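Residue numbers (the numbering used here), protein chains in the order written: chain W, 191 to 501; chain L, 406 to 753.
FYI, nobody ran anything at the bench for these hints, they're computed from the structure.
Given the structure is predicted, the values throughout are model-derived calculations rather than measurements.
Using N, Cα and C, we set each Cβ at its ideal position, and we do this for glycine too.
No false leads were mixed into what you were given.
Example chain W residues on the side facing chain L (calculated, C-beta under 10 Å, incomplete): (1) Val392; (2) Glu396; (3) Arg399; (4) Asp405.
Some chain W residues near chain L, calculated using beta-carbon distances under 8 Å: (5) Tyr394; (6) Gly402; (7) Cys403; (8) His412.
Residues per chain, in single letters:
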Amino acid sequence: MATGTRATSRVPASGVTPVGAVSTGIGVALGSRRAPRGDVWRRFRRNKLAMAGLAVVTVLVLAALLAPVLSPFDPNAIDTNASRQPPGAEHWFGTDLLGRDLFTRVLYGAQTSLQVGVFAVVIATSIGLVAGAVAGYYGGKADTLIMRVTDVFLAFPYLLLAIAVIVAIGRSKGTVIVVIGFLGWMAVARLFRSRVLSVKEVEYVEAARAAGCSDLRIITRHILPNAIQPVIVYATVLVGTAVLAEAALSFLGAGIVEPTAAWGLMVADGRRFLFTSPHMLFFPGAAIFVTVMAFVFVGDGLRDALDPKLR
Amino acid sequence: MTEPGELLLSVRDLRTEFRTDAGVVKAVDGVSYDVYENEVVGIVGESGSGKSVTAMSIMGLVPDPPGRITSGQAVWKGRDLIGLDDKALRGVRGGEIAVVFQDPMSSLNPVHTVGRQIAEMVRLHRRASRKQAAERAVEMMDLVGIPQARRRARSYPHEFSGGMRQRVMIAMALSCEPDLLIADEPTTALDVTIQAQVLELLQEVKERTSSAILLITHDLGVVAGMADQVLVMYAGKAVERGSAPEVFHRSQHPYTLGLLSSLPRVDEDAGTRLRPIQGTPPSLIHLPPGCSFHPRCPFARTPAPCVTDEPPLEEAVTPGHAAACHFAEEVSAADVLAPSPSSSADTP
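In isolation and in its complexed conformation, chain L is listed as follows (with noise of 0.2 Å):
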């Protein structure tokens, strides 16, 4: 793991909520992490547990309406995000933080040859002539491994694969040398083998560049494989905070520990069924009292403490490792429900 170095990113008690017919959806409901230079961060949960909403607020890309957030701070550079004028954010965004989103089929305007959206990203951000911007795509597609660059960079996204486009999609972000990459499960719409390649790709960005990068994943596996830091989110609370090692092989919440067994894993009898958590995510608009994880705990104690009082997310048994759970200490010592989650957790 590369050193980390200076404090990038520091996010503290965000919440964003939409406003639906149906009532309030608290998305992110007080979440807090911070990024270093260096680092990658992972944060990990379920569809629709918050995870993209939390990156997408700290750079004012959620949609208002329906979406505001509605307290918290986004310090960068020492410089607070949330709040600032569309002017002001247009510089940071793509310059110093770029965003590689999760479905490259779409993600690329069709109607623009790829060179050009790479060479549109530098103009913006940098003073370039068009030469120099076009320049400088060809010499970031070369970069991020795709093959005759030049004249690829003058070709539409229609005439790339799906990895070719998520390759595409990095040179991008990378154009403007950003200091963080979010990268918004980069390769979930791809297949294994292009994902595993995308995911070398990035492994080397991060020991090639200085970004920072924050892989927002719901696949374990790719966090474990490449994340320094672990952030764990369910129902738009972070439940646990700490670093990968630390939290895939002494996960203290619950849910991660159910993640974590939920796996496939390659040491067992082809015949053995999966362990799934039981029950499912529960309604963000209505989120059960007490801890919003206690209807499907397997350690959980009603009705107090788990349906009386919300667990704070504190450092309670290790230093550095914080969890949201009244029982993290006896869910730590726990090997139940995954008897050695290091093994599942080491395939990226």
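In isolation and in its complexed conformation, chain W is listed as follows (with noise of 0.2 Å):
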């Protein structure tokens, strides 16, 4: 600083007060250092829904890892004796048709469910990320040819595909979380591409593009943290979207296999005793409702804290 303010002062020019002076009043003005992640909590804070989803998410992540420590029992130990129990002081959630106790099978599908819905929605936002990276910043050809393989993802059912290809290659979790993820991407990818069709003709990229740095260094750098913040909402939303898709497969037989725990296939086996069980259907099936809904309240709620103008 003291050489800056002493090379100005030898330029005659013009009657300007001393570089030094001048800025060291604007430095102090401006020199408040508050991070812009703070905002965002403050923001996502205030909203009461997103605030009641996120405890949610965060009981059902402790629900999945504590679960053999919150319940006695074992989820897969079979007693004939105590089929079909209602809910009580024993087993809180009841028993299913082979006397397991549900309360400790609807903890250990919070563990399917969660490791499904996250797993599955890394692969599709890695899938949507990078196909939409490439189809906005380079544009043409690239992008014709993405855009249009989107389309025609977009054009399956949904559903139909991914049980016509777990039935080819084997029921698992795996594979659900395969099949999920790939037929996730696709709004991903389009939602990704719109950003970086804007942020790319930012002048701050034409900025590090004359400042000699590379195409994936710009895209990765300077591109994608100021286009990712509406995919961040999306994948939260997805999140429960995928557990919903997971519990879908599961219930139609094209998911997760007995005796894994998941929500699906206790909805399913509680279909059957509808009138006579309800508790075999509504404890796992609240629990879908209530999962999906709180990444719903979250993703809202991330939006509008990332976004505060759409307000």
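Both chains are given apart, each in its own frame, so use the hints to dock them into the complex.
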């Protein structure tokens, strides 16, 4: 700074206040450091539904992680003497046809659902981000090709295709994750492409190019952080959607295999005893409902928090 | 003025087009100029005259499509930059030729601290550890007069004022000691007082480093205050080229004369009306035949030669001072439009 002031004072050009003095004032006036991330959290916190959603998600994650600690029962322990018992002091959510403790199975079901939901979304967003970035950044033929492939994927009936693929390569948790992931990237690709299209025209991207950055560097360091926000929001909601898809597939017999605890399977089980043992349907069904809603609310809250202009 | 050194950049017959739905826009149409070491070259012209595209073309920064460089050379230290592959160009960009853009508000990435952004530039072009690059960033910020540089390097762009951001941009551009600094309208987006500070800073850069500066602006005052050589552009063509005093004091092209006389002047009565150049800039898709400036030119003789022949850019009157006008001699003798262009040109 000292050098700056000394040197500028040499230049007689115009009667402006010495640089140092003016700029110090500016520096102090705008010097408060407030991370944008803090703002996001403050806005998110004000949204009650989103906070409720976040609480539910936290409880779910804890339930999934701590399932063995939270319940004294083995989720797969069959006790034919205790078949279809209604909720009570011993079995909080009652038992299923094979006498397994439903509370325990709902907890372990949370494990399954969250695993499938999170990993499927990781796959879907990874594919979607790459496809969207290439399409949006390079444009032209690459864009046309990628977007037509996206359209083709969107045109497939989601569940039918998933069932077909899973039946063909065999049912397992891994297959379900991969299939849901591979069928869920299209919206991410479109969303990210449109953001890249607008962000790549911004001057700091041109400046980055003028600074000698490679395309990869421009995309990952300069475009991505500025274009990712709607994808974060969508991905959050997508976790809920993936949970729902897993439940649907399991319900239809094309998803998770018994004896693994999965909510969809439990609903399928309970369906036959809807009138005699409604608890068998109610608890896993409620778990699905609450989980999906929670992710939707968190997603909503994130959207409002990340982009206050939208409100 | 600093003594010019070796020839750094030699642009010859550069032509850049943009293909649009309405037709082909000839944004740069056969422009030639040289930049020597230590020299400040000013490119002046109205919006849309092709002055920015001229500079961006040599860096390979014209988006393709729709833009395309159809012909020309830009010899940089003995190597033609036009048509060079992207990898080779990346080494030149930022490292050897750096750019300061017009709008400091949007030229910095909002999600990274300014220190990190300067350091990124350093690490792209110099062998430096993260720590060394960060040190260099602080050093550069200090150099361009940002107070408390070490602390401010950790701030985000939105925490800076416009003038301070432009300083950051200049610090970033200078961080790898480029041989040429392209300043694309560096002061246009700033307040007048801040403009003066940024110009002082550029002046300092000129005096303390050996960087040549290519100063692109529509502000004649800025050019008059800083440039050694001036290139005046109109409708994609260079219409006048020469040393700054020559071009401003003995203009040979009616367009330059018109620009100078349209400036508001301090020595006139407050009520005096401005003297704009009549008419509007032509469409770059359908240029007027002959000399592009003839529909607005008070010296034009129609139809011949102004409507029929395009005047070449040649040193017809004075050596080292070229103008593309059939009546360059007449214009240089004329005083009607600008009684004394010098007085208005002296204010930076």
